[in-house]
Amino acid sequence: MTMNKKFSVAKTYGKALFTEATQLNMVNEIYQELLQLREVYHEVPDLGDILSDDRLSIFEKVNIVKDLENSFSDTMAKFIHTVYDYGRMNEMLDIIYEYEHLYYDQFGIIVVTVTTAVALSLEQRHDLEKRLAKQFHANKVVLRPKLDPSIMGGMIVESEHRIIDQSVRTELNNIHAKLLA
1 MTMNKKFSVA KTYGKALFTE ATQLNMVNEI YQELLQLREV YHEVPDLGDI
51 LSDDRLSIFE KVNIVKDLEN SFSDTMAKFI HTVYDYGRMN EMLDIIYEYE
101 HLYYDQFGII VVTVTTAVAL SLEQRHDLEK RLAKQFHANK VVLRPKLDPS
151 IMGGMIVESE HRIIDQSVRT ELNNIHAKLL A
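If you count by our numbering, then the sequence shown holds residues 1 to 181, one letter each, in order.
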């Protein structure tokens, strides 16, 4: 399956679940359950493939899926069952990502990747989240920290196709370019 088709399938399922959750007034509850399901997929990285390929018998797969379904609300259980029936369990992480994207859009949440040379303290992270939420006119910012000692200091902020590069490395490169000009 091509990457575009796989993304299209995930987008369709994610949007369908989001629409259903909206109609049931369960958008947040379903999102929280999806976060739990994502953790299961992270703990068992091959889960999607195991439930989609021929490694296990149908009975073994059904038992695993039933265990999953029993861990969630009726709405999520039905959704998991549908995804399993259509052989899409290996696309669940992409489906969760799509739901999360719609969830973030609805609640004015943006994801920001912040690259620093050293780890930020919890206090620095909270302060940065507040400043970036104000700067990007968002209700909330979700920080995804990334370490890269080669930037030497400062930070690089990336969100929604915007990049703010305040790294020491870039500043030094800019000074170097000016001196050579």
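Keep in mind that the hints were calculated from the coordinates and are not lab data.
The beta carbon of each residue, even a glycine, is placed where N, CA and C say it ideally should be.
Hints may be right or wrong, so weigh each one.
[Stated by the list, open to error] With a straight-line Cα cutoff of 20 Å, these simulated PhoX-like cross-link-like pairs (lysine-lysine) come out: (1) K11 x K66; (2) K66 x K78; (3) K130 x K140; (4) K146 x K130; (5) K78 x K61; (6) K78 x K15.
[Unchecked claim] Taking CB as the label site, the calculated pair distances span: (7) Y41 x D74: 36 to 42 Å; (8) T170 x P145: 46 to 52 Å; (9) L56 x L172: 35 to 41 Å; (10) A177 x G108: 20 to 26 Å; (11) A177 x D85: 56 to 62 Å; (12) K66 x F136: 29 to 35 Å; (13) G87 x A117: 32 to 38 Å; (14) N173 x L56: 51 to 57 Å; (15) V62 x T22: 15 to 21 Å; (16) S57 x R144: 37 to 43 Å; (17) N63 x H137: 16 to 22 Å; (18) K15 x N173: 21 to 27 Å; (19) L120 x T170: 28 to 34 Å; (20) K15 x K130: 16 to 22 Å.
How the hints compare with the structure:
1. K11 x K66: At roughly 24 Å apart (the allowed maximum being 20 Å), K66 and K11 break the hint.
2. K66 x K78: Answer holds: K66 to K78 is near 10 Å, not above 20 Å.
3. K130 x K140: holds, 8 Å
4. K146 x K130: holds, 18 Å
5. K78 x K61: Given pair K78, K61 holds - Cα atoms ~16 Å apart, limit 20 Å.
6. K78 x K15: Given that 20 Å is the threshold and the Cα spacing comes to 15 Å, the pair holds.
7. Y41 x D74: 36 to 42 Å: Distance hint for Y41, D74 is violated at roughly 21 Å.
8. T170 x P145: 46 to 52 Å: violated, 19 Å
9. L56 x L172: 35 to 41 Å: Since L56 and L172 have Cβ atoms about 55 Å apart, the given range 35 to 41 Å is violated.
10. A177 x G108: 20 to 26 Å: violated, 38 Å
11. A177 x D85: 56 to 62 Å: holds, 58 Å
12. K66 x F136: 29 to 35 Å: violated, 43 Å
13. G87 x A117: 32 to 38 Å: violated, 45 Å
14. N173 x L56: 51 to 57 Å: Between N173 and L56, where Cβ atoms are some 53 Å apart, the hint holds.
15. V62 x T22: 15 to 21 Å: violated, 30 Å
16. S57 x R144: 37 to 43 Å: With a Cβ separation near 39 Å, S57 and R144 satisfy 37 to 43 Å, so the hint holds.
17. N63 x H137: 16 to 22 Å: At 48 Å between Cβs, range violated.
18. K15 x N173: 21 to 27 Å: With Cβ atoms ~42 Å apart, the hint is violated.
19. L120 x T170: 28 to 34 Å: violated, 19 Å
20. K15 x K130: 16 to 22 Å: Check failed, 31 Å falls outside 16 to 22 Å.
Figure legend: structure checked against the earlier numbered hints; hints not met, in rising order: 1, 7, 8, 9, 10, 12, 13, 15, 17, 18, 19 and 20.
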